[in-house]
Amino acid sequence: MMEKMIIGRYVPAESLIHRMDPRSKLIIIFLFVCIIFLANNMLTYVLIGIYTFLMLGLSRIPFRFLYAGLKPVLWLVLFTLLLQVFFTKDGSLLYELGPIKIYEEGVRQGIFISMRFFFLILMTSLLTLTTTPIEITDGLETLLNPLKKVRFPVHEMALMMSISLRFIPTLMQETDKIMKAQIARGVEFSSGPVKERIKAVIPLLIPLFVSSFKRAEELAIAMEARGYRGGEGRTKYRLLRWKLADTMQLLILAILTILLILLRS
Amino acid sequence: MDISLQNIEYRYQAKTPFERLAIKDVSIDIPTGTYMALIGHTGSGKSTVLQHLNALLLPTEGTVVIGNHEVKAKQKNKNLRQIRQKVGIVFQFPEHQLFEETVEKDIIFGPMNFGVSEAAAKERARLALKQVGLAEEILEKSPFDLSGGQMRRVAIAGVLAMEPECLVLDEPTAGLDPRGRKEIMDMFYSLHKERNLSTILVTHSMEDAARYADQIVIMQEGHVVKQGTPVEIFSSVSELVDMGLDVPEVVRFQRSLEEKLGIKLGATYLSIEELSSAVAELLRGAPV
Amino acid sequence: MRGEVFMRESIVSLKNVSFQYENQGRNALQNVSFDIFDGEWLAIVGHNGSGKSTMAKLLNGLQFPQQGEIMVCGIRLNEESIWEIRKKLGMVFQNPDNQFVGTTVQDDVAFGLENHGTPRDDMILRVEDSLKKVKMDHFLNQEPHHLSGGQKQRVAIAGVLALRPSIIILDEATSMLDPKGRGEVLETVRALKDEKSLTVISITHDLEEAAKADRIIVMNQGEVYREGTPEDIFSMDDELVQLGLDIPFSIKMSNAFRQKGIDLSKHYLSEEELVNELWTYRSKI
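Residue numbers (this note's numbering), protein chains in the order written: chain A, 1 to 265; chain B, 1 to 288; chain C, 1 to 285.
Hints are not guaranteed to be accurate.
[Unchecked claim] Residues from chain B that keep clear of chain C, each with C-beta distances beyond 10 Å, as calculated: (1) Lys74; (2) Ser117; (3) Arg195.
[Claimed, not checked] Heads up, simulated EDC-like pairs for lysine to aspartate or glutamate below, C-alpha to C-alpha not over 16 Å straight-line: (4) Lys87(C) <-> Asp90(A); (5) Lys252(C) <-> Glu249(B); (6) Lys177(A) <-> Glu171(B); (7) Lys132(C) <-> Glu195(C); (8) Lys76(B) <-> Glu61(B).
Please keep in mind that the hints were generated in silico from the structure rather than gathered at the bench.
Beta carbons: idealized from backbone N, C-alpha and C, even for Gly.
Please put together the full structure from these sequences, using the hints given.
Here is the structure:
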């Protein structure tokens with residue numbers, strides 16, 4: 001189940017979107033989330049749809065892969081649609097069967113809201129699918145840099161994020177190992193009454209905490225030994241490069257925004 | 001307790017795009033009382049095999065027979081707990097599994113999960129602690145206040161207290177100093193003899209394999225490539241070297257001595273004592 | 001023979017160093033004094049808890065001794081000088097995972113350089129160069145969980161090298177590795193030592209590893225128990241076993257031959273020397 005989910009996963013490929021600066025991608029996603037609320041009629045939604053699929057196409061992520069990965073989310077979209085259709089009581093009555101009444105406005109709202117939801121999911125997945133977590137961290141760090149003036153710990157936050165990312169796979173392996181060791185000692189994680197199962201988590205969690213603290217301590221020592229003493233005076237190895245494509249992308253988004261403003265009703 | 005792996009195969013994340021074949025067509029017989037060493041590089045599939053021995057992994061093909069339990073691929077397998085009760089696993093760095101407030105509670109955790117009464121489990125804890133060479137005083141201590149070596153021993157005691165009929169050891173002495181290593185390995189060996197256990201040792205140490213095992217299985221790329229007694233296995237040095245594996249020091253020494261002196265000793269010797277006797281005899285009676 | 005050793009230039013020196021961890025009754029190090037010489041490979045051996053790892057922590061200022069003085073590259077180690085000293089003295093720790101900071105190989109090597117404010121252009125060259133030296137330059141973008149323990153340790157060595165240190169400390173850096181990884185790491189360090197005339201301090205309980213050092217210091221209960229060439233140290237025989245250590249194979253083998261009445265010239269012989277000796281012995285009969 002988890003293996004098939006694509007939300008939050010990075011898929012390496014050579015594409016225009018992959019090569020973009022993470023900063024521009026972050027800005028675009030942020031703006032996209034805002035301007036999607038400008039759409040309020042069929043035409044504007046279609047425009048956003050065209051834009052979204054254009055971006056997907058440029059990313060060269062196989063469609064089959066996207067479909068398989070997003071299937072679970074599609075159910076959620078469908079659920080949103082049905083919720084709107086059945087529970088909005090506005091506009092003219094379209095259909096009636098016993099207690100079920102479907103109104104025009106309900107269908108309209110349902111389609112729009114679920115489309116909005118759908119496009120948002122597509123665009124945000126596109127960000128994580130085409131940008132490595134460390135690039136996202138770097139992008140965020142640079143974008144948030146001005147906040148340093150108000151003493152916001154931008155560097156520390158970015159370092160924390162990148163270290164967490166680095167240790168996720170390590171901790172997953174560790175969890176698997178401890179789980180197996182405890183199963184071998186007679187713990188049942190996946191069957192039995194709920195109360196027992198909750199209790200079964202303790203022999204897993206405590207060793208995990210203990211080892212994570214130990215790791216954190218050793219990592220801190222190793223970092224110090226390698227000369228780490230805060231963000232002051234540090235240089236950066238990773239360099240973000242703003243390219244022509246990034247400017248172009250922002251321009252395209254600006255045009256889309258203007259069109260949306262002009263065409264919305 | 002007899003254990004037998006019959007043509008087992010295991011695929012990780014089967015039926016997903018990330019599927020990976022870990023072992024294929026592995027057949028190993030481990031009759032009661034056997035001390036078997038499982039050797040191979042990291043990634044050769046030994047730890048996958050190991051996890052089949054107490055049904056932590058279920059084969060995607062083939063059958064695993066453990067005592068009178070049978071685990072078959074593609075079948076609903078029940079009573080896995082009964083298997084786990086009989087097969088104790090000491091994982092690599094077993095101290096990572098400690099979690100209780102006191103050493104005693106941690107040791108009795110396993111036995112009590114398998115339905116042993118508290119009083120009986122405490123009795124077993126005492127015994128197990130003695131076996132691993134720790135004093136009873138530490139029963140009331142927190143396992144996290146102990147030294148690394150002591151923690152290792154407590155974790156091992158936790159497995160021994162389950163009184164398994166088969167012991168699976170995955171690099172049980174990794175990271176210990178030479179004295180600790182020898183004490184732990186000797187302890188497992190005497191337990192093996194005393195209780196007529198079946199013992200499976202996964203190790204990188206050819207010395208340990210030569211010293212303790214009576215059967216050696218070599219794995220490579222998910223297959224069993226060689227199986228035999230230590231003397232059989234270590235007689236063909238070049239084959240092992242080709243596989244990128246080590247040879248026990250004694251054997252290596254015997255070969256270079258044979259080469260230098262231009263002789264061939266009658267047998268392959270696995271201990272310093274045997275080899276030195278054989279060579280001494282040869283030298284004394286050697287014609288010029 | 002000792003005179004020769006002292007002729008060489010001392011790069012690290014400890015004078016009457018004592019150290020005690022908080023909440024512990026006994027000193028972890030007790031009045032320890034010795035010198036480490038420029039360009040040598042020094043092995044510090046001892047069983048777990050003998051004080052050898054505490055020594056590593058003191059040498060680059062992760063802990064400070066309560067008594068005594070430590071000099072590294074002519075600088076007295078104290079709170080102010082630690083950053084300078086950490087550039088000259090790189091450490092590789094025991095657990096390959098818990099010292100890998102970067103999300104990829106190249107990021108990890110760059111980490112130390114970033115900390116020291118190295119300009120980016122220089123950084124790129126140094127990252128590439130040091131990864132080449134440890135033969136990990138084909139893994140630039142690899143993530144740590146796809147690397148073996150030995151590979152991770154080599155990356156850690158590259159991270160140290162990038163800072164162009166004079167001294168490298170291996171703090172049980174091979175004890176969690178399989179034999180292949182152990183071989184890789186030691187071979188890498190040996191090649192680097194020869195090429196860059198580094199001083200290597202390896203803290204270990206693996207006597208086979210120590211056998212390859214120029215000099216060995218045996219620690220026991222926080223004190224320097226013995227100091228000498230591998231030959232000196234290995235002639236201690238059973239004394240080593242009592243200290244929780246082991247005896248190298250060739251010594252055990254020689255001892256067995258002596259018991260069987262075969263006279264051997266020296267006490268410590270490497271395996272090769274022993275084979276030669278037996279050959280000579282036979283031709284004399």
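Comparing the hints with the structure gives:
1. The non-interface label for Lys74(B) is consistent with chain C: the shortest C-beta to C-beta separation is roughly 31 Å, beyond 10 Å.
2. Residue placement check: Ser117(B) keeps its beta carbon more than 10 Å from all beta carbons of chain C (closest about 37 Å).
3. With a closest Cβ-Cβ approach of about 28 Å to chain C, Arg195(B) is found to remain outside the 10 Å limit, as its non-interface label requires.
4. For the given pair, Lys87(C) sits about 72 Å from Asp90(A) by alpha-carbon distance, which is inconsistent with the 16 Å threshold.
5. Annotation: proposed proximity of Lys252(C) to Glu249(B) holds, straight-line Cα distance about 11 Å (limit 16 Å).
6. For the suggested pair Lys177(A) and Glu171(B), the alpha carbons sit about 14 Å apart, so the restraint of at most 16 Å is met.
7. At most 16 Å may separate the alpha-carbon atoms for a hinted pair to count; Lys132(C) and Glu195(C) meet this at roughly 13 Å.
8. Restraint check for Lys76(B) and Glu61(B): satisfied, since their Cα atoms lie roughly 13 Å apart, inside the 16 Å limit.
Checked against the numbered hints above, the structure breaks only hint 4 and satisfies the rest.
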